[in-house]
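J.: Those sequence lines, one after another, are chains A and B. Last residue of the first sequence? That's 351 in the numbering used here, and every number before it is there in order. Last residue of the second sequence? That's 322 in the numbering used here, and every number before it is there in order.
Hints were generated in silico from the structure; no laboratory data involved. For glycine and all other residues, C-beta sits at the position ideal for the given N, C-alpha and C. Wrong hints could be hidden among the right ones.
[As the list claims (entries may be wrong)] What follows is a set of in silico ranges between Cβ atoms, one per label pair, in the way DEER data are often shown: (1) B:189 x A:171: 27 to 37 Å; (2) A:313 x B:109: 15 to 25 Å; (3) B:151 x A:150: 46 to 56 Å; (4) B:109 x A:42: 54 to 64 Å.
[To be verified] A few chain B positions that, by computed beta-carbon distances, are all more than 12 Å from chain A: (5) 92; (6) 122; (7) 151; (8) 213; (9) 228.
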Amino acid sequence: MPRSLLPWLLVLQRLGIALLTLVIVSFAVFFATELLPGDVAQILLGQAATPEAVAGLREAMGLNEPALQRFLGWLIGMVVGGDMGTSYVNQMEVAELVSGRLGNSLRLAGVTTLVSVPIALALGIGAAMWRGSIFDRAVSVLTISVISVPEFMVATLAVLIFAVWLGWLPALSYGANVDSITAMLKAYAMPVITLSFVVSAQMIRMTRAAVIDTINTPYVEMALLKGASRSRMVLRHALPNALGPIANAVALSLSYLVGGVIIVETIFNYPGVAKLMVDAVSTRDLPLIQSCAMIFCVSYLALITIADMVAILSNPRLRK
Amino acid sequence: MMTLRSASTPDRGRKPRAYSFNWVGRIGLAVMLFWAVVAVIGPWISPHPPGEIVDWDYFGPVTENFWMGTDYLGRDIFSRILMGARFTVGIALAAVTLACTFGVILGMVAAVTGGWFDMILSRLLDAFNGIPSLLFGLVVVAAVGSSIPVLVLTLGAIYMPGAYRFARALAVNVNTMDFVTVARARGERTPYLIVREIFPNILGPVLADLGLRFVFIVLVLSGLSFLGLGVQPPNADWGGLVRENIEGLSLGAPAVIFPSIAIASLTISVNMFIDNLPTKIRDRSE
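Here chain A stands alone, though its shape is the one from the complex:
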C-alpha cells in the first residue's frame, strides 16, 4: 500500500467510528425518550383515561411491538424518508416544525462563527507570540473566567453591561418584525455577543497552546538563533506548521456552540431549534424532543469528526 494513502485510510476509519457512534447515540436518545418515561399512551391520555382507551392508543401507535423493532423503524424512517414523526401536542409533522427553526439556528451559529473565529485567532496567536506578557495574562484570566462560569452567566453579564448600564441594546427581547438593518443588528447583537464569548474562550486557549507547541520545536529555535525577529519567527516559521492544530481547535471549539445555543436561545427568546426543544420539554412532546436532540447530536458529532479529520490530513508526518 502506498503510504500516501494512509491519511485517507485513517479518515475513512474516523468516519466509520462516527457512524457507529451515531447509531449508539440515537439508541440512547430513543431509549431515554421512549422507554424511560413508561407508558406513553397513559401519559398522553392522562390519569382519567379508561384502560380500554389506553390499550387502543397503544395499539394505534404501535407501542406493543418490541422496543428494538420500534427503534429500527424510527431510525430508518428518519434516515431514509426524513420522517421525524408527528408532534404529540399539535399533531403537526415534526419535520415541518423543525425546518422553519433550523434556518434561524444555523444563521445564529454562522454569524457567531464569522465573528468569533477571526477575533479568537488574533488573540490566541498574539497571546502565544508575547507569552508571559501583560497581554497574555489578561487574555488568559479572561478566558479562564469565561470557561469556568455557566453560559447563562455570560449572557446575564452581557445584558447587564450592554443593555442595563450602557443602554445600547434591548435587554431580553427578540424582535420578530425586523424592518431595518439597525433593528436586525440589534436583535442579533446580544445572542451573538454571548455565544461568541463562550466559543472564543475555548478557541483562544487551544490556539495559544497549538502555537506554543510549535514555538517549542527545534526548527523555530533555529529561526530565532539565526536572527529572525520575534514576529517573523512566529508568523513565518511557527504559524504555517500550527495551522493543522489550529483548524482542529476551531472545529472543536465550535462544538461548544451546541451547548451554548440551548441557553442563549432560551434566555434571549430566539426562535431557533433549541428554543423549540426547551419548549417541547415543558410540554413533554417526545417526538419533537427526539428530533431536536438528534439534530444537535449530529451537528456536534460532525464538528468533532471534522476536527479529527483536519488533524489527520494536516499532519505531514502521516503522508511521507
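Based on these hints, arrange chain B on the given structure of chain A.
T.: Showing chain B alone in chain A's frame:
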C-alpha cells in the same frame, strides 16, 4: 489547564516544599471550604426563613436587613443563597462521587484486563461522550421528570465516561511498570493488582480530575436549573435562583447578580485550587 512543572526546576537552594500550597491555591481552598461549611450549616445561620416572603417590595435593593436584596416575591436572597448552597454543592458532590467511583473502577479493570472487555467498554463510553452534556440532561429530565435523585444519576452518568477514560489512560501507564509485572509474576490476582498496585499510584491525578469534573457538573446543573429542569420550586439551587429572578435583570436587581456570583466563586475557586495543587500530589504517577 494542567500545567506540568518539570521536576528539574531548581528551587534556589531551598528545600523543595513538595506538599505546600501557593497563595492562589490557598484562596481557592478557603472559598471551597467556606461553601462546604455553608452547605452544611446554611439553614441554621440564615437571617430569614428562605422560603418565606419577608419584604413587601419585590426585587428590593441591598439594605441593612436584606444583605443581598430580595427576590421577585420579596424573599431574602441572602438566606436563599445559603440554602441553595446545599442543593448546588450537595447534588454536584453526590454526582461527581458517583461518576468517579464507577468511572475509575471500570477504567482500572479495563486497563488491567485489556482485551475485548476493554475494547467494547471504551467504544461504548466514547460514544456516550458524543452527546453534548447539557442535551443529555435535557432529554433525560424531559423523559422522566426532575427530582434530586434523577439529577444526581443523570449528571453522574454524563460524566462517568470522562472519568473512565482518564483513569484508564493513567492505569494503562502504571500497568506496564516493573512493580506491577513483578506482582503479576508473583501470581497476584486482578483485584489485588487494582487495589494495591494501580490505585495508590493514580490517586493523586484522579483526585485532581475529580475536582475539574465537579466544576463541569456544577455548570451543567446550574444550566439545567436555569432552564427550569433542575431543582424544582419552592426549593432552588443557585442556577434556579438566577432563573426565578431573571425578570429583574433589566432593572439590574441584586437578586440576579448575587446567585451568579455564588456560582462563579465556587467554580473559579475549585479551578484555582486544582491548578495550584502541589505537584507532588498531582503528578504522583510520574
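J.: Against the structure shown, which of the earlier numbered hints fail to hold, in ascending order?
T.: No hint contradicted; all consistent.
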